[in-house]
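> So the protein lines, in turn, are chains A and B.
Anchor point for the first sequence: position 502 equals 502 in this note's numbering, and the numbering is continuous, going up by one each time.
Anchor point for the second sequence: position 544 equals 1544 in this note's numbering, and the numbering is continuous, going up by one each time.
Any given hint might turn out to be false.
What the hints assert, rightly or not - Here are the simulated DSSO-like cross-link-like pairs (lysine-lysine), alpha carbons at most 30 Å apart as the crow flies:
| no. | chain 1 | residue 1 | chain 2 | residue 2 |
| --- | --- | --- | --- | --- |
| 1 | A | Lys425 | A | Lys146 |
| 2 | B | Lys1425 | B | Lys1589 |
| 3 | B | Lys1425 | B | Lys1219 |
| 4 | A | Lys425 | A | Lys589 |
| 5 | B | Lys1293 | A | Lys535 |
| 6 | A | Lys237 | B | Lys1535 |
| 7 | B | Lys1237 | A | Lys219 |
| 8 | B | Lys1146 | B | Lys1044 |
| 9 | A | Lys535 | A | Lys219 |
| 10 | B | Lys1293 | A | Lys543 |
| 11 | B | Lys1219 | A | Lys237 |
| 12 | A | Lys571 | A | Lys535 |
| 13 | A | Lys543 | B | Lys1237 |
| 14 | A | Lys535 | B | Lys1237 |
| 15 | A | Lys589 | A | Lys571 |
| 16 | B | Lys1293 | A | Lys219 |
| 17 | A | Lys589 | B | Lys1237 |
| 18 | B | Lys1237 | B | Lys1219 |
| 19 | B | Lys1571 | B | Lys1535 |
| 20 | A | Lys543 | A | Lys219 |
| 21 | A | Lys293 | B | Lys1219 |
| 22 | B | Lys1219 | A | Lys256 |
| 23 | A | Lys543 | A | Lys571 |
| 24 | A | Lys425 | A | Lys219 |
| 25 | B | Lys1535 | A | Lys293 |
| 26 | B | Lys1543 | A | Lys293 |
| 27 | A | Lys425 | A | Lys237 |
| 28 | A | Lys293 | A | Lys387 |
| 29 | A | Lys589 | A | Lys543 |
| 30 | A | Lys219 | B | Lys1256 |
| 31 | B | Lys1237 | A | Lys237 |
| 32 | B | Lys1589 | A | Lys237 |
| 33 | B | Lys1543 | A | Lys237 |
Said to hold, decoys possible - Listed next, the stretches of chain B that the computed footprint assigns to chain A, with coverage defined by at least 3 CB atoms under 8 Å from CB atoms of chain A:
| no. | stretch |
| --- | --- |
| 34 | 1217-1226 |
| 35 | 1248-1258 |
Treat the hints as calculated values from the structure; they're not laboratory data.
Virtual Cβ for every residue (Gly too), placed ideally from N, Cα, C.
There are 2 protein chains.
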Amino acid sequence: MVTDIELKAEEFSGAPGEDRLYRMRHSAAHIMAQAVTEMLPGSKLAIGPPIEYGFYYDFLLPRPLTPEDLPAIEARMREVVAADVPFEESRAPKDEARRIFADQPFKLELIDSFEGEDVGLTRHDTFLDLCRGRHLDRSGEVGAFKLMSIAGAYWRGDERRPQLTRIYGALFSTQEELDAHLAHLEEARARDHRRLGRELGLFFLIDDIGPGLPVFTPKGEMVRHLMESFVRETQTKLGFQHVWTGNVVREGLFHKSGHYDNYRDVMFPPMVDEDAVYRLKPMNCPSHMTLYKEMGVHSYRELPLRFCEFATLYRYEASGAVGGLTRVRSLTQDDCHIFCTPDQIEEEFTRCLNMVREVLSAFGMTDYRLQLSLKGSEGKYVQDEEKWDAATRALVAALDANGVQYEAVEGEAAFYGPKADLMAKDALGREWQLSTIQIDLIQPARLGVEYIGEDGQTHTPVLIHRAVMGATERFLGVMIEHYGGAFPLWLAPVQAVVIPIADRHNDYAARVQETLQEAGLRIEVDRRTERMNAKIRDAQIQKVPYMLVVGDREAEAGAAAVRLRSGEDLKAMPLGEIIERMRDEVARKA
Amino acid sequence: MVTDIELKAEEFSGAPGEDRLYRMRHSAAHIMAQAVTEMLPGSKLAIGPPIEYGFYYDFLLPRPLTPEDLPAIEARMREVVAADVPFEESRAPKDEARRIFADQPFKLELIDSFEGEDVGLTRHDTFLDLCRGRHLDRSGEVGAFKLMSIAGAYWRGDERRPQLTRIYGALFSTQEELDAHLAHLEEARARDHRRLGRELGLFFLIDDIGPGLPVFTPKGEMVRHLMESFVRETQTKLGFQHVWTGNVVREGLFHKSGHYDNYRDVMFPPMVDEDAVYRLKPMNCPSHMTLYKEMGVHSYRELPLRFCEFATLYRYEASGAVGGLTRVRSLTQDDCHIFCTPDQIEEEFTRCLNMVREVLSAFGMTDYRLQLSLKGSEGKYVQDEEKWDAATRALVAALDANGVQYEAVEGEAAFYGPKADLMAKDALGREWQLSTIQIDLIQPARLGVEYIGEDGQTHTPVLIHRAVMGATERFLGVMIEHYGGAFPLWLAPVQAVVIPIADRHNDYAARVQETLQEAGLRIEVDRRTERMNAKIRDAQIQKVPYMLVVGDREAEAGAAAVRLRSGEDLKAMPLGEIIERMRDEVARKA
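Next up, chain A with everything else stripped away, as it sits in the complex (with noise of 0.2 Å):
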């Protein structure tokens, strides 16, 4: 799951074909630890790995950094690659080490913490560095770089120990590659949500209110409820249902349920009284048994039963963790759960594998990958072999009749079942893990939820959860960044605003608005004291699909000047024609 376009701290694993660009961002890190020490002597050195994009190095520094030091820092890394001095890779007694790096604590911890008796070496010019290497042969070898920023790092993750400074630098093989690589960052960062959400007016994180509990304005509202508007009826066209059950519970059901066990750690603190004990839910599984149970004896007739439910979701995430929409506290959930035999898996997965690919594509998310994480040998797993290959054959038949490519990996499944996972491409080309249909084959029995079979003997129904859009709040700040904020007509809040000329056309604008609006579109009426190329400017600022210009000429003639957000000039329209125009875009999800 990518859940940020920064620059990734995972390490870089440099797989064969990748094998020089890893020496190359592996090379230029010693460079610039080498322009570090130099720059700032007494420095301490942590580690600097080669990452996605490019490397980092992280410093113990005598004094802060700021990002006005990095064109310094970079300047003399350019030196050294000029010089194209060679990189010499060796290895020494631990003894001997310990003696080089007796002034670098961190090295040191290093090599305590290694296997063996002696540890590797890599020097380059003047410096050298504790290294398992995989290097260039030459610094002038190096490729297209730029620094690109500084952050805070704990030694090992350690919080208690001081903070480390972080410079991280992109990299790659070529200049053009590297262009490429900085305008889809500045691309992405004109598209991230968070600054969108704010300039669009959707929703706001408040410091009263709570972190990653964000609160949405009319028009932030608005586009989430045609979202979730757009999946009910879906799920209400293939036969889904909807059920209800709050966002409390007593923390008994999650004891029974076994979720105490397991999730406790992502669940909002208990509320405590005298002789009873709630808790937000952080999931809605076991409310929907308990419901299923409620409901009274089920025969295999009633089956596949599906219940689907918006409820809004409450998951404790470090307040460190938590920021816009994509890594949030309260998450609306288009979950669902399908109670079915084992006879019902194949089709019920079928259904839910239409459902994802109607909602996405209406998103226009056409271009996705799908997982099938299946049972390894190894042993987290539920032991019921024939029950894990009944599912496992279910679903490899249901993707392939429905042809739908995937790749398998194993010892990927839940402990509960197997699963697969949709991962979306959006318009930026970044993946994003939305949707999810997974198999449960132990839930139900855990909670006792059972149905009298066609041999009269009681069974357990197999349990399918499902979300599509993953979380309303999650899935809105994706399609902003998604849509670059320009939402397509059906979604956006406000669909066409209405700009008279002069404060004596406000009537007819008026009119216009309302005429509009009684064919069930959302229209807004620009009444400030601006010029009508201010008003404009604005509305497509905000992103507006439709600007109605009206004045005298339109006025009388019914009708209204259409420009449309991508600067198109439709000329004077009837209002009729307007409407019919923008019903059919609607309809279509153009």
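Got chain A sorted already, so can you dock chain B onto it with the hints?
Chain B alone, transformed into the frame defined by chain A:
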């Protein structure tokens, strides 16, 4: 607010016109007390007032009473009535009264609590009671009565004292009135939403979830969704906007807003983390005001802003006080906060009135009265005579302009401003307080909510709180009883059941279902192997509006034989005609 159809324990006022009824009921209570003390010597007498519908008396009895005891008590009462004995009222010094009631501890407590030197006594037949009077002349005039039920009660409501036994009786002037009352009770019992909710499979209250936290089945969710969608559509049409502020906020927000001091007792217990305390929201006002502020500096040109939200709120009512849908801990308010200038109060109040009338009339609640609650001369009210006068004038002007009848009650306003409450009668003539419109002259200032006026100065807007259904859960409870579970077509969770005559008609039944579903109707097929008549009977018990019976002839003709819930037989109709008829009925909310 009438929350229950049980006999009310509130004392019956016996207004002038009802003085005779008061005397009848009061006298009957004495006669019942005589019968009980004769049957169970040693009984200790508490109090026995006349109440709405009848009377009761509380006793501390030497043995538990069962419903089987009531006929004997009633028989003895009828003997005393037949004997037509006189009631004689007198007064006695307290000391003498203490001697008379020496073995009646509750009477002794009462004597001590009375002011003055002497107390009232009433004697009839062999029975003497401490009593302030207003009785019949003779027992023969007592009217038509019936002992109804036995309940537990506490002396002066004090739960630490031993529990008393309360016997309820119903009493009216004539047998016809008593019979009508008993029939009414029977009807109310048949419509009890708790019973119907279970029989129709709409909602459940489940121990594992928690008291006062109902969960809704697919059928129940559908009804609440239809209700809320209709209100939302109406709101949008009338110029209201919707926001989303979730279920949880930092407790500090309620300290700021002042709600913590006044409403702490109805809040769920806090969620306490090391460095943060969260609360479930018991109301939306502080969140809506916080959002208003965060949206930036507001100009008078933007006002009124009307923020609506269907947020589920949580109120920690005593677990013994919750039950069914009308007394819940989770309540989904159709809440709205209008931010406006003082000049806009009249227009906005009119808008709210129109909203209320449009929504309630769609639910067939057309018989209602409006109570205008005004400031009293006493002191709890916020001190700003000018604002109070202006707000009150605006409300009265709006009511007059709209020709709305109302009753003005001084001293009933909220501390923050005047309000209008709407009391509507259901199909049984019971009155429910549903909608409320409240002017708030104080909260916006407390939270620093502002706008820039036409004068360029900063002003505090008026806040109007408004709810139409009140809360979805409670309104649904009222609607279940109002309709007796037989929802009109637009609200019916299942609008038609297709009944195949034999298994060979199942395919055609599925086609009928599909055709009608594509027309936007909610259709089920009864595929059980039951006989046709049993299926029709079950559909009627489930109060499904349309039954569509299909056999060979219907399949051939592309038709269905239509029966209504009422029993009416419309014979075979082509599917197109059925769709047209049903859609028209839905559109008219008939």
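> For this structure, which hints from the list above don't hold up?
none
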